[in-house]
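Residue numbers (my numbering), protein chains in the order written: chain A, 6 to 461; chain B, 661 to 1145.
If you are wondering where the hints come from, they were derived from the structure by calculation, not from laboratory data. Heads up, some of the hints might be wrong.
[Stated by the list, open to error] For each label pair, taking beta carbons as the anchor points, the in silico distance ranges come out as:
1) A:P111 / B:H886: 30 to 38 Å
2) A:M138 / B:G1115: 28 to 36 Å
3) A:D313 / B:G1040: 53 to 61 Å
[As the list claims (entries may be wrong)] 27 Å max Cα-Cα, derived DSS-like pairs, lysine-lysine:
4) A:K232 / B:K1138
5) B:K939 / A:K232
6) A:K79 / B:K698
7) A:K308 / A:K277
8) A:K276 / A:K232
Source: prediction; values computed, not measured. Built from N, CA and C at the ideal position, the CB exists for glycine as well.
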Amino acid sequence: MPADVANAPLLSLEKCRQLFGAIQQAARSFGVRDVEALFAAHRGALTRFANNTIHQNVSEQDQWISVRVLFDQKTARATTNRFDADSIRSVVEQAVALTRAASPDPELLPLAHPFPIPEIPRFDSATAGESPMDRARSVAQAIRVVEQAGQTAAGFYSNGQSVEAIFNSVGVSALHSETMAQCSITAMAEDSSGWVKASAVTSSAIDTVEMARSASEKARLSRDPRKVDPGRYTVVLEPAAVLDLVGQMFGDFSATALDDQRSFLTDRLGKKLFGDNIHISDDVAHPLQAGVPFDGEGVRRRKLKLVDAGVPLEVAYSRASARKAGVEPTGHGFPVPNEIGEAPLNIVISGGSTPVEQMIASTERGILVTRFWYIREVDPFAKIMTGMTRDGTFLIEDGRVTHGLRNFRFNQGLIEMLNNVESLSPSVRASGEEAFDMVVPAMKVRDFHFTEVTQF
Amino acid sequence: MKQLALEALDSAMRTGVTYADVRLVESRERDLSTKNGKPGQVSSSESAGLGIRVLAQGCWGFAATDDLSRAGVESAAALAVEIARSSALAKKRDVVLAPEEKYEAAWISPCRMDPFSVSVEEQLTLLLRIDAELRRTSGVTLAQTSMTFHRERQIFASSLGSVIDQTRTTSGAGFEAHSFRGDEIQKRSYPNSFGGQHQLKGYELIQELALLDHAARVAEEAVALHSAMQCPEGRFDLIVDGSQLALQVHESIGHPIELDRVLGSEANYAGMSFLTLDKLNTLRYASEIVNAVCDARPQHGPGLGTFLFDDEGVPAQCADIIRNGQFVGYMTSRETAAAVGQTRSNGTMRATGWSRQPLIRMTNVSLQPGAQTLDEVLGGAGNAIYMETNRSWSIDDKRYNFQFGCEIAWEIRGGKRGRMLKNPTYSGITTEFWNSCAAIANRDHWVLWGVPNCGKGQPEQVIGTGHGASPARFHDVKIGAAYAG
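Next comes chain A alone, as it looks inside the complex (with noise of 0.2 Å):
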């Protein structure tokens, strides 16, 4: 494909306006007014290694249409990846006779009314453009460091763009267009591993070779692990291990959780819930953040503030659960119909100015925690999760690093961890496996509760 083609924004939303005005049409054929259009595209390759060589590597390219229709108090959605005119027509009928069949709900809201929204300036050209061998030479690169020091490299390189559009019937028009490169690695040795991970908008951001030093040196420094006792322990987590754990709340922080008595914050907003340190934000204008500015219905998402000094303040609100309460939506909806509500996707929590250096200098034994890994979760009120650590869990004594350890199983409320943060870190952009990437710290936790220690 020419660099051209293969680095220009998918759909435009010149294009998007046309394909909307088929719609609008083929609903007006079938006496329907009412009709909201989402609008997807995604071009996206992964270039996979394991066993030090290139195993798996992978393009796709695919786009799709949603339509919701409402009349009579009743709504319902249909999806199509076809953009041809009959298509088109095809699916505004589908969503027009599963809305027919829908039972009616008296709470429907009518569609929403254009909200302005800014801009967030995400699509760099050059990540979007690079090929297959551009690929292949960072990925070549980042095995060269492992395999020089006498490793064995697991991980992947992509880059992709996507575009999200919504139009509705009332004068809706938004789209966002991102693009995104991301890459994990992780070095093996005898008998441990070191894994790091990052992702960013533009790819020039992302420096292989020092990930692939960084996961080494992980690989290096924890092997012939020992076997420490289960219990609780000051730990040091590194930002992909906060993320990944503290990542599993943020689900609750939505009115419609709250309503529906799943949340763990039901009766706990306004009350002292975590230690003053804490401090979490929704911001989808984050420097650091990545997403779209709007959501299912197409209005603006606006910043959060989820916890301020240990407060549950703030929670996400679609357009349906802001009516119920009586204030304004926040613009974290998710497309409509659905149960789940709202969610806020653009955490933000507060660093410190403790380096992962010092918290570790400042320990007098205790362990450090590069990742998490199969985190679940317990009890959903308390809290509680259960998971792994993975790929890099050291021993600290007398504020040194002095062994790789053996992996523990860990159980551990939220609640009760977040009132024994002794030190943050400066946040950064943190990925893992379990949550969706985050602008978090580091933190120093006393009395994490590790109930189990595995046999690697």
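Given the structure of chain A, go ahead and fit chain B onto it with the hints provided.
Quick look at chain B alone, frame taken from chain A:
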């Protein structure tokens, strides 16, 4: 469709690759749900596209596109080849595929009642009746119901000359009752948590589940859990129901036997496996009564992993995994089979839709039924704890240390259910756990459960897997650690 697939294959082969296959897929889905008496999801979706996989210079390349025009298909084929050639920059050795036959076949999975022909009104009416029944019980604070139907037609064509046309229809349904009181949220689900039961069937599955008949009991149990005793901590004999055991099989047998994990392909993401190659035919995986198979054949049952051919054109097979407690087999592909001395793949390569390349995935990894009646499973333990319906699951990246939580438990005394217990959890080491298996209920209690949300690969692929299981008893299991101190 067939002609387009063959044209795509020609496009790839014209570039001089050593092997190519094409999967052209059309899919259709319907999702319905309710919450507290109101409609939730009422949606349908359709998708069509094509994925081309090639071997060039000894390396894989894969490109997928929704552009099914001649130009779009040729562009995708050219991109797949360009990607494969770029892979040679970091190559250790050429990919070599185990031999396979050429097949021409067409298959449509059994579907007695087309779920897309049953009206949405009828389906929503049933869900709303269940929803209402759940909320009749005082103390139920959240009632949720759902149904999902999926149909996928795939034309597979390969440079071996195979052309395979398969259409699979799956259905799923379930409901949940939540109860919030004081400082506790409790939940009960039927017939399983996380969306219920899912099988390779039509709407007849929904009728067989008799959802409405179970709504009142499930709602009452959700509320009663608040008054139940906390599940004790300690070591006890444990009996788990079939749905929970199906997930235990998935996590602690199904994943570790994926040969690509063993060989390191998933080291950065899903992880590796404790089942290193030296364990084959030497490891006592489980007690002698435990037998497990990986079986994609239709005669195994209507599982989410049932098909006639896998996604690289290999016929469905039944492979022994654990025979009388001994570890005897992995799941393999054409690329990996030779690593364990197989001359042929055992047919477990599967892809999510048209846009992803096939990986080794569980088909139906099932625990074979045992010899005991359910009363014998319950009664043989003396005192024990019986747990039902998964609430949480976690296992390490080598599939060794696990912890599961269930929605509900009961004390078992003298083979009879005693007091209800809340917040039950159990944990252990995979081989220790399976070696403690003391009784497995017979085929009368064996159900082929569906796990619709198994994740693996980068980019991630979520796929459905099948797991036959019946209730079973395990000796001296660690219970309650998740809530201890």
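Which hint numbers doesn't this structure obey? 8
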